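K.L.:
Chains as they are written, first to last, in our numbering: chain A, 1 to 502; chain B, 1 to 502.
Source of the hints: derived by calculation from the structure; they are not laboratory data.
As the structure is a computational prediction, the values presented were derived from the model and not from experiment.
Treat the hints loosely; a few may be bogus.
Treat identical chains as interchangeable: a pair holds within one or across any two.
[As the list claims (entries may be wrong)] DSBU-like cross-link-like pairs, simulated, lysine-lysine; straight-line CA separation at most 30 angstroms: (1) K102 to K56; (2) K322 to K448; (3) K68 to K102; (4) K495 to K106; (5) K220 to K232; (6) K113 to K56; (7) K67 to K56; (8) K131 to K190.
2 protein chains.
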Amino acid sequence: MKNNLVDELKRRLVEIAHLNTASSLLHWDREVNMAPRSIDSRAATTAYLAGLIHNKFIAVDSDGLLKKLKKQLDSNKLKGGDAVIVGETWRSFERERKLPEKFVRKMAEVTSKAQHIWAEARKQNKFSLFKPWLSEIVKLKREEARLVGYSGSPYDALLDVYEPGMTTGNVSEILFGLKDFLVPFIRKIKSSQRAINANIARGSFPLDKQHAFNESIARKIGFDFETGRVDKSAHPFTITMHPQDVRFTTRYRNNDVLYSIGSTIHETGHALYEQGLPAEHFGTPLAESISLGVHESQSRMWENMIGKSKSFWKYFYPKLQKEFPVPFMRISLNDFYNIVNFVKPSLIRTESDEVTYNLHIIIRFELEKAIIEGSLEIKDLPAAWRSKVNEYLGLDVPSDTLGVLQDVHWSGGSIGYFPTYTLGNMYAAQFYSAMSKKIHGLSNKIAKGDFRDIKKWLNKNIHQHGKTYKPNDLLVKVTGEPLNSRYFCDYLENKYKAIYKF
Amino acid sequence: MKNNLVDELKRRLVEIAHLNTASSLLHWDREVNMAPRSIDSRAATTAYLAGLIHNKFIAVDSDGLLKKLKKQLDSNKLKGGDAVIVGETWRSFERERKLPEKFVRKMAEVTSKAQHIWAEARKQNKFSLFKPWLSEIVKLKREEARLVGYSGSPYDALLDVYEPGMTTGNVSEILFGLKDFLVPFIRKIKSSQRAINANIARGSFPLDKQHAFNESIARKIGFDFETGRVDKSAHPFTITMHPQDVRFTTRYRNNDVLYSIGSTIHETGHALYEQGLPAEHFGTPLAESISLGVHESQSRMWENMIGKSKSFWKYFYPKLQKEFPVPFMRISLNDFYNIVNFVKPSLIRTESDEVTYNLHIIIRFELEKAIIEGSLEIKDLPAAWRSKVNEYLGLDVPSDTLGVLQDVHWSGGSIGYFPTYTLGNMYAAQFYSAMSKKIHGLSNKIAKGDFRDIKKWLNKNIHQHGKTYKPNDLLVKVTGEPLNSRYFCDYLENKYKAIYKF
Chain A
1 MKNNLVDELK RRLVEIAHLN TASSLLHWDR EVNMAPRSID SRAATTAYLA
51 GLIHNKFIAV DSDGLLKKLK KQLDSNKLKG GDAVIVGETW RSFERERKLP
101 EKFVRKMAEV TSKAQHIWAE ARKQNKFSLF KPWLSEIVKL KREEARLVGY
151 SGSPYDALLD VYEPGMTTGN VSEILFGLKD FLVPFIRKIK SSQRAINANI
201 ARGSFPLDKQ HAFNESIARK IGFDFETGRV DKSAHPFTIT MHPQDVRFTT
251 RYRNNDVLYS IGSTIHETGH ALYEQGLPAE HFGTPLAESI SLGVHESQSR
301 MWENMIGKSK SFWKYFYPKL QKEFPVPFMR ISLNDFYNIV NFVKPSLIRT
351 ESDEVTYNLH IIIRFELEKA IIEGSLEIKD LPAAWRSKVN EYLGLDVPSD
401 TLGVLQDVHW SGGSIGYFPT YTLGNMYAAQ FYSAMSKKIH GLSNKIAKGD
451 FRDIKKWLNK NIHQHGKTYK PNDLLVKVTG EPLNSRYFCD YLENKYKAIY
501 KF
Chain B
1 MKNNLVDELK RRLVEIAHLN TASSLLHWDR EVNMAPRSID SRAATTAYLA
51 GLIHNKFIAV DSDGLLKKLK KQLDSNKLKG GDAVIVGETW RSFERERKLP
101 EKFVRKMAEV TSKAQHIWAE ARKQNKFSLF KPWLSEIVKL KREEARLVGY
151 SGSPYDALLD VYEPGMTTGN VSEILFGLKD FLVPFIRKIK SSQRAINANI
201 ARGSFPLDKQ HAFNESIARK IGFDFETGRV DKSAHPFTIT MHPQDVRFTT
251 RYRNNDVLYS IGSTIHETGH ALYEQGLPAE HFGTPLAESI SLGVHESQSR
301 MWENMIGKSK SFWKYFYPKL QKEFPVPFMR ISLNDFYNIV NFVKPSLIRT
351 ESDEVTYNLH IIIRFELEKA IIEGSLEIKD LPAAWRSKVN EYLGLDVPSD
401 TLGVLQDVHW SGGSIGYFPT YTLGNMYAAQ FYSAMSKKIH GLSNKIAKGD
451 FRDIKKWLNK NIHQHGKTYK PNDLLVKVTG EPLNSRYFCD YLENKYKAIY
501 KF
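Let the hints inform the model, and build the full structure from the sequences given.
P.N.:
Dropping the structure here:
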């Protein structure tokens, strides 16, 4: 039976989606193309659009349409996709209508400018430049939490946007448990007698050749260049104008081709999710990803579980050697595999291996939670950062550029975002384990460069559903159980015991 | 005295301008970046935005604000910029409110798709592919003329958007007069004994080197890369997101560096106009160009009067020779100057010299006028095209790709646009003559690579005024008289008599 009210809701949502398309393109362009002194005009346009989108979203219910549909949903009159569209739109509406337009515009304008201030502060190694902006953003985020409402920590109200259904308490417990596993695990790796010299993989790699090689990997593992593109930016990201216009960026280092390859595989994982969303539902929750955590599960599965596996490089390493005979002709596949999986605590999150990576997340989670809850002041943040890095990673932070200023997130207003990275790692391991049981001869296929079944499995089990399931419900549906950190820990143990022989 | 109503109008206009910024970026991106199969989703977003912008513009007067201000204007209560803002906004409003939103969206969607159909038809040399789309567009444009209203020809209603104050009658007269001058003039050039071999300037020019050389010219003549950028596209164009975000594109041929240089100087001329508009008035008619004709006067003055002058190449030719020793080291400056100004009727408008160029415009004007007035049917258009090209240019048209399918304009709904190209040539000559009298030692400065006074003069006399003057009023203000074709004819005579020695 056709529901005309749902059709009308969809029509309104699609209009908003067109504005989001424009807004995404303005964002993509700012990071990829825009000239330096266009920044102020771009911030003004972005802020105006943010306010307009907010208003149009609230206006979806100006004649009570959404409330009527919510009643139908509550009395079980909506089924399937209709129920998802109404339920998820209602969830967003409940949050958005509590935020005044003025607040939304202010947030967009401050964060648009703050990202450039942050970049400058990082360049100059001057936290003091960024400090007033971060204070302003934290003030706004606390205001957001207050407006939205929360029962436990104000951090709950921020986390919920990124990972629906997850609370600060859940996350603390999960991360705490993981820390308990990681700290002794990393100690074992450190005390291993196995010496890996990753420096021999350095060299001189022309950027256009790197770019071509990266594109060939993205294409091979399934990115559709007919409906997307790849560019260069300071910070890699994936962005969607429409399921048929998905773009990601990569960054390059002249002396390290593995840097761009890791980044490319990671972003391709995100992009495959976006390209796998059902285009015919554009504008509705049926064509939106579930959560940042599930999104990150896609990028991390491709980047680490697949992209750093022996099978993957059985296929790609000869190609890499052919493209860059120096230095790779003199490095065996085994040694290369060890280099790719070299574990060494690093100051920089985005350069760290998949084992120590999660300690970076734990540090950020603890600090941003403390800031939002008011138990840590912005002025004390750099010192707190140094102290935690020293405690968890055993490293001295020589500068704020390599410390508290390294990540773009806070400058963009993304507080409550970091934990989703670690959740993503855990989801990834659990999904990958389920997928391995379903795809016959998975590693052989990977070793032959045949990634079709993987893409198909991910499309079918995860991507095509849009927001139909909550993260944990999807985990249960696909893997048979809710989030279980055992999968991730087992994955690390199996892999690194073999590499480090402990 | 501060006028609060005007301030409120400005606030509303700036909001619309932000949407136009987004719309321009969607357009720029489509031509420069977008993946092929993203086209349908982009067309939908573009159409939605066109409708939204239209509605918001009409809503400027939803509470009678604009009518109130119009009354103030009519009773001489508004002065200076306020009067321009209200007068010009009213003029656009008078037109826009006659167009239903549905019509505006339909036009945006049809033209967005038709441009890709046209490109395909041109590639395949199949007018039949494009024919139904062109018929639809012509139907829509005639409907637009009917909705807007006109007294003489429906073509008047279309022309007026591009060149305010100009009528079909005026244009016919001007173009007819010009044809009378050009036909015998070209005959004299043809019968000249002077032989110019332009082929010796062909060679093999790597695109990245061409791109770098073109950027260096654009920078030198005044384009500000801090607030703009240059890209590659199939059809060169200039587009403005904001006076502080102006972009243009160039196209390249591997064997002909003069092709991209001409295109770059032309678009830089447009871009300097846009960068010269007063950013503080963003969103209002004070930060908008006067007309397409005046815009074209800027591009053509730079491209031809400056960019094809002996002085210009005295400065740039040694640099070109250094960058591309083959073939230019063996060509003298004098021979090169003759090659740059080689006159030879061509099938393609955008490749034709500045003398025969205007015959291309006359052909298009006559044909599009006949189509809009209903005296020529779409099915007869290719034959009519061939016949006119034969009559005016003495050439046989071997294919529709090299004939009626060569220009993008009609597929984008731009009918009534072509005459502004020739008006631009004439305005350019008249402005250039006035400027020459004001800038002491102009050609010496050009020969030294000093373009600062030119940019300054154009900024001061033309760019900074936005829409303050109508085209003819500006001509009178700057040159002391209304449009006079003598300047253009004199310019051609002086230049080409010297080159062709007749």
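K.L.:
What hint numbers does the structure not satisfy?
P.N.:
4 and 8
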